[in-house]
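> Make one complex out of these two single chains by using the hints.
Chains A and B supply the protein sequences, listed in that same order. Taking the numbering used here, the leading residue of the first sequence gets 12, the next gets one more, and so forth. Taking the numbering used here, the leading residue of the second sequence gets 8, the next gets one more, and so forth.
Don't take every hint at face value.
To be verified - Not everything, but these chain B residues come out facing chain A in the computed CB check (under 10 Å):
no., residue
1, V21
2, L30
3, R36
4, V42
5, E220
What the hints assert, rightly or not - Here are a few chain B residues that sit away from chain A, every Cβ distance over 12 Å (derived from the structure):
no., residue
6, A35
7, A51
8, G74
9, E144
10, W376
As the list claims (entries may be wrong) - Dumping the calculated DMTMM-like pairs for lysine to aspartate or glutamate here, alpha-carbon to alpha-carbon at most 25 Å:
no., chain 1, residue 1, chain 2, residue 2
11, A, K261, B, E59
12, A, K261, B, E220
13, B, K16, A, E144
14, B, K16, A, D150
15, A, K261, B, E53
16, A, K261, B, D222
17, B, K16, A, D329
18, B, K192, B, D133
19, B, K16, A, D154
Rather than coming from a laboratory, the hints here were simulated on the basis of the structure. Glycine is no exception: its CB is placed at the ideal position from the N, C-alpha and C atoms.
Now for the letters of each chain:
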Amino acid sequence: MRAPLSRILRDRVHLGVVLSTVALVVFGGVMVWAATMTMTGHAALVQRQYLGVGIGLIALAVMWVLDYQVLKAWTGPLMVALSLLIISPRIPGLGASVSGATSWLQIGSIRLFQPSEPAKLLFIVVMAAIIAEYGGKLDKTPDILKVVGLASVPLVLILLQPDLGTGMVFVAIASGMLLVGGMKARWFGVFAVAGIVLVLAVFALNSVLVTSMNKPDGVLIKSYQVDRLLVFVDPTRDPKGAGYNLQQSKIAIGSGGLTGAGLGMGSQSRLNFIPERHTDFIFSVLGEQLGFAGAVMLLALYLALMASALSVSASSRDLFGALVAAGLISMWAFQILENMGMTIGMMPITGIPLPFMSYGSSFMVTNLAGVGMLLSIWSRRYGTTTT
Amino acid sequence: MTTFRQLLKGRFAVLGVVVLVALGSLTARLWGMQVLSGSSFAAAAEGNRIREVSLPAARGRILDIKGRPLVTNRPVMAVTAPATISQDTTLVAHLASVIGVPVDEITKRLASYKAERLAPRVLKLDVPMQTAAYLAEHSADFPGVAVEESAVRVYPGGSLAAHVLGYTGEISETQLASGALPDAKIGDIVGKSGVEASYDKVLQGEKGFRRFEVDNQGRVRSVLDEGAPRAGKDIKLTIDRDVQKVTEKALADAIAEAHRQGFTKAKGGAAVVLDVKTGAVVAMASAPTYDPSIFLGGIKQATWDALNAKSSEYPLNNRAIQAAYPPASSFKAVVAMAGLQTGLLTPSTAFNCPGFWTGLGKQWGKWCWDHAGHGTLSLVAAIEQSCDGYFYNVGKRFYQAPGEKLQAFARTLGLGSKLGIDLAGEVAGRVPDAAWKKAYNQNYPEYQQWLPGDTVNMAIGQGDLLVTPLQLASAYAALGNGGIVVRPHVLDAVLAPDGTASVESSVSVVSNAHLTAANLATLRHALVGVTTVGTGRGSFVGFPISVAGKTGTAQVAGKDDYALFACYAPASAPRYAIVVIVEQGGHGGSVAAPAARQIMAKLFGKKYTTIHTTDVSR
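Chain B extracted, bound-state conformation (with noise of 0.2 Å):
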């Protein structure tokens, strides 16, 4: 007996080492792991366990400024499922039958946005009580899908101030990635043109979150957390939704009088009404237009593809701001206003006009419109006739003075660079230069130096020279305020949740041209005198608000000549400066100018009745 003991002695031993090396390294793993690194295991078993979800915020209405909605908000049924059902095929094809979307459409919906893993996808907005109750009786054939509220903006007027406005969509990558709405995440609808763009952030409210606790099938145990959303806040604009509606008739109905005319090409153009002293946009409208409520719930690939197409002359674009045109003759007031602020003019300064003018030489010679000519006119005379002949003459005297006066005055008038109008998208326009030319052919050395008719084109609006829409009226409210810019705004108001105004929108001017009260007043001489006795009157016959304006038609190689009408009224305390530009229209007297007296009739409560009239000036 003793013998196997002392045998056995040392092989004890190598027993009982090997069990307390198995548990010492037992114990040390889990020292390592429980009381090392414990705290990331408990974070990674938080990651397991806690799912947070995200609860939109009402977004805030848009009010016209007497208060009235132009875009509020309609409480609908969605349906909504979970990413995982795009693997039942049965379901899917199932589903798209009852809500009427194609099966490609569902998957394509599910698929997207990965990041919130529980985040349910809209698959349909807007369903009939039907299909919503149909869905909710069926719930065990629908394993997931769910019928959630939700809101969708509802446009009262339909396509009425489209472009202000803009549409809502959901947040594109880009736009993610731009870092410009740092809380907003994948699947968030966000404004994306307009003023639902630019004024995002107030319209967005705060989301508010959801917390659950989920089991390994990531089914929501229970609720731990939730912050209740706060709804956007209520803004009101400058636009009148009155003077909008007559405004987007008046355009449609100038485009209608350019076809009568023949001229059928025209589709597209814009019109703008400014207040003078405060830069308030009280109208703003684009041609052609689109229904925002196409964007609702996601638009259809096809109408998207529609709306862009070169044929369909691009709805969405906000040609107010967004396009830039010769201004023509439209010009001649700013040309004039330059000439007389130099002293390069005097009211007394006369031309003759032969109809063919040759001042830099006969084979640089220019036509007037009227190639009869018009023979000697002062400035006055020159304006209400828009005889080109005379610019000409003003356009040389530009040319030969040091310092591109020129330029230099249109500058200070808001053109060539962007007012700032708290619209995204706006375009900077153009006013050329010596430097602008070098550098514009840089590959054609040749075409670098300014030439005398370079300056002689610039004097008649055409050329290089580019404004907007917006441009064009801001500098008329210019020249009729006594050369103030005001930087233009659509905002007129941010509402605090009980309708009073929280922010409210400021004048602030962007330059000032000071021009002087004997200079004011030749210059409204002349622009009233275009709509009695020159170019507009045949469209402001009869009509009992004095208007000092001026025609435009301005020629676009390859197209028919755009018509244009820029003017403010009342010519003698100025309230409105109004804008209006056919695209191929025709002239600018008979099919611009209407349109501008049909906005006026109603911003000054008159009577309008539609004015057949006939120009030939350009």
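Here chain A stands alone, though its shape is the one from the complex (with noise of 0.2 Å):
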């Protein structure tokens, strides 16, 4: 017996989570008109994010239908291609770098996505899969040492590529899950302090193997990415070089003022002073064409989706389902924190995009797919099927 449709909508459809995610959509296009508008290839630009859309709606869909729980069977396999996806920019022939900083999956010529943009997904999935192993009760220091190892797997391969923006989004997805896994306070205490020694060490190392090597590009880290670290901590410094992106990019949101200079318009946007205006400063653009209002709008749409999948992860129906959402909740408020905190000075530059406003269709596609999955775990918080 087929149920009425009312009752399948009520069901499935999360009016949050739709309502929030269509208005971001629709804000994201219009942003990406707005900031390409006065770039060469504009119309090209704005069709291929349309066409992302399109392609993320349909993966939407899939997800949305497509059983969440199946995943959790796979954890292997999926590991197995996580690692795979990982890596597959450095399998000869299958890909492609550019300008040394993103990584594309290419066959031939022909350009297929950003491999590390589902990557952030399917990281979710694996980790969601072996915390709920765990059924909640995440204080065995074996347990502990077990998923984090686990997790390190991927981690070290992204920063491996080197990918370390994706792999501070990996950290921030791990640590939500973590927290909301049963880790204990103590132990993020324990793996915040070796993080940071980490670091240290490799900045150390770095150093070291810089003047040893004599490559001063960098060895472990990327000289710009040591340069952007210290025009955070001092946005004065070299305002004609590293600093010039931070500086413009704050003059152009700080001029937006309350109600900005008007969608398409503010001399900071139209003249080129933004760098990467339609995809990591896409913000830059939204606040001075829309100013305090604009940006308060998109901080507030950013707040309904997330409380939103914060109700999905609180009435999923198993552990492994909450930990999706909570992982995915943790991917979007990092990236949110880190794209919008760079571009006012409040985070230091890194090649972070702003979910579901930054130009870029892989980006868009893994947006919309996480959002699918959310919609497959709130259809299903009442049993495996309804229909």
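Here it is as structure tokens:
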């Protein structure tokens, strides 16, 4: 017997998730259009982005329909798939590296996508499956070491790419999921200290290697990454070089004032003063053109999405689903904080885009697929099937 | 199921709080940047976006009293480039060969004045059409390099009146710092000397501006705003081009005559022609001179160095106002008038000149220029013969009389202080007195006492007395016009765009010596005698105008004598005062006086033929 449509909708559609997603996608579409307005190839860029939204909506539908619990059974193969995905740009004939920073998967000359984006979702699923095994009680040392050890495999692989930005997203995802998974506060302390020591050790080793091997571009860490950190600490440093992007971004956002210069207006956006203004620095465009009002609107939409995701997580029928939702929240929260934070000098500059806003199909598809997973968890909160 | 949900409740709360803190801190920071300090960021954005360059105004012309151009402008093509091209050494080298300016000169020009980042630097002014066309055709090879219309000063008379007109050049750091030109910016062309400097504000006009919107590369996207420049005003000088030409020629001829007479060191000199009633400078010459066009587009360092070398005799100096000389015997007219006005002398006062004067005792004895002596002379004859012995006695009288009356009278005639001519650099000269001597020799107590010999020396125009050629001319104008010292000036009028005078110069009285008619007549009689029967007669033989003048031959330590002649004419109704001085030129009567006659011939429309005469007086 088929259930009435209203019942299906009530069961399967989380209004908060759907509405906030629709609003964010529309907002993002408008911002990419506005940011690329004075760029050459404006129309093609907008078209490409909208195509990405289309593919993303298909991915969303697929993930929605798919029973997320199926994924849980495939932990082993998914871990292998994740690792392969991460190292795929390094496989001859498959990979391509654009300006040394973004890695693409491509076959022949056809560029497919950035593997680091779906890797984030895969990482969430794999981590959820691993952590869910412990039933929400993660307090035994061997268990914790095992979970963290398994999480380190993709983390180390992504850091070796090197893809520091995605690595940081992985750390944020793992932290949120370990929190929900039951890891105690003192363990977070232990790992935080260990992480800091490790980072300092890498920096120290890097500087030794730079001098001994005479590679001023950096060995373990790229010199531009060091520059970005130094600029974060002292924004007035090198205003024409590494500090330039930050300075111009801050001028753009600050000059937006309360209501902004208006969509498509604003001299910082129009006259190329904002670097990477349709990708990593799209929020600078938003800040200049729509002002504080537009920024708050965006933050409110993000809050609505994440609050909805939290409600999905809380109503999941199993711990695996709750963890997946928590992983998505962590992913989005961290990327939002890092991306918006870097444009206003609160965070160091990294290549992390802004969810639903930044130009990039792989990124858009990944985020929409994540929304699909939320809806899949929501749809199945009472049982495996409702039809 | 319920168990894991209960376990998770608190953890969701923590996750929720983390998210809220993240979004909250972003909101707080955005509030601070966008709402609280939004205006300062907006100002920074405007600063990014807008660039302003100023548009130079056409400089006003300088005309002579009859409206004939002394300085005008000529449109030229200028090669300009932004400072940024200096990084491209191949481009600079290529450009150097095309426009014919050395690479280091280009680099220097590009490096100059950093204030206006966008303002193109002028690399070469006045390039030929061919070069301009070449650069336009090959513009792809010269990114940033532009050929622009500009204007340069044109001097139709070449070096004519160079010292009065002055020259222009890029404003210097010191001029900028002085604040005298508040609207000036680095790179502006301003007057550096002469009329160009003293009337710079009038000639300069008002700069226009153009505001651009630029992108992050500094490329101009659009012109936002433009204000047209307002051209500078033309000014009309009191200088008469024809008289000026003759005055310069007369001065040059006087120097040549000095050489002919064996005074080969003669190189410098000055000549001034004043209107005795108005103080208008009809002509003003200084030798050696220079060509002001060498400053156009920036003077070459080597040329500048040469102009300022000691061997050059400093051609940039306007000796008529910037050099002070002992007036020598030309001062005797002032001394005589001082004596008459103060009652120390009468027309009939007579002294005996035995050739060697011992009025202050034998050990302080002084020779007259004529060692044979002039015998007993009256005042008029003493002036005609320029008798030193007579004036030694006059000096002694002034010394013995209370209150430094000679100095006081000299000052009333405008000596010892600046007259305030509208040209920069005028010096004050010096009228020495007891107070001055004491202060001057403050480190040498033995020389501080004012001695009878000081006044006696001053009475023949020597000693520490110094006057500028302009002061001497002005004093003679006063001696001719009844004692009124009028401020000398070179500006006749500032012209409105339609050519009518918008500002006219007026007669400004500096001081009045209130000379009595009787005394004026006595002195005129004596000075006319100089040019008819006295030391200047050789130069004025057959001259149809009656000239009241006085020769002078100044002794300067370590140099040949300086030749001077000062006069006013016509003697009965004075119109002009003229002074000619030739440094190391020998005798006033045979070197300076003929030059004065040559100038007067022009002034009064008389024929002049070269005069060779002799004179041994001092």
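> Would you pick out the hints that fail for this structure and give their numbers low to high?
6 and 7
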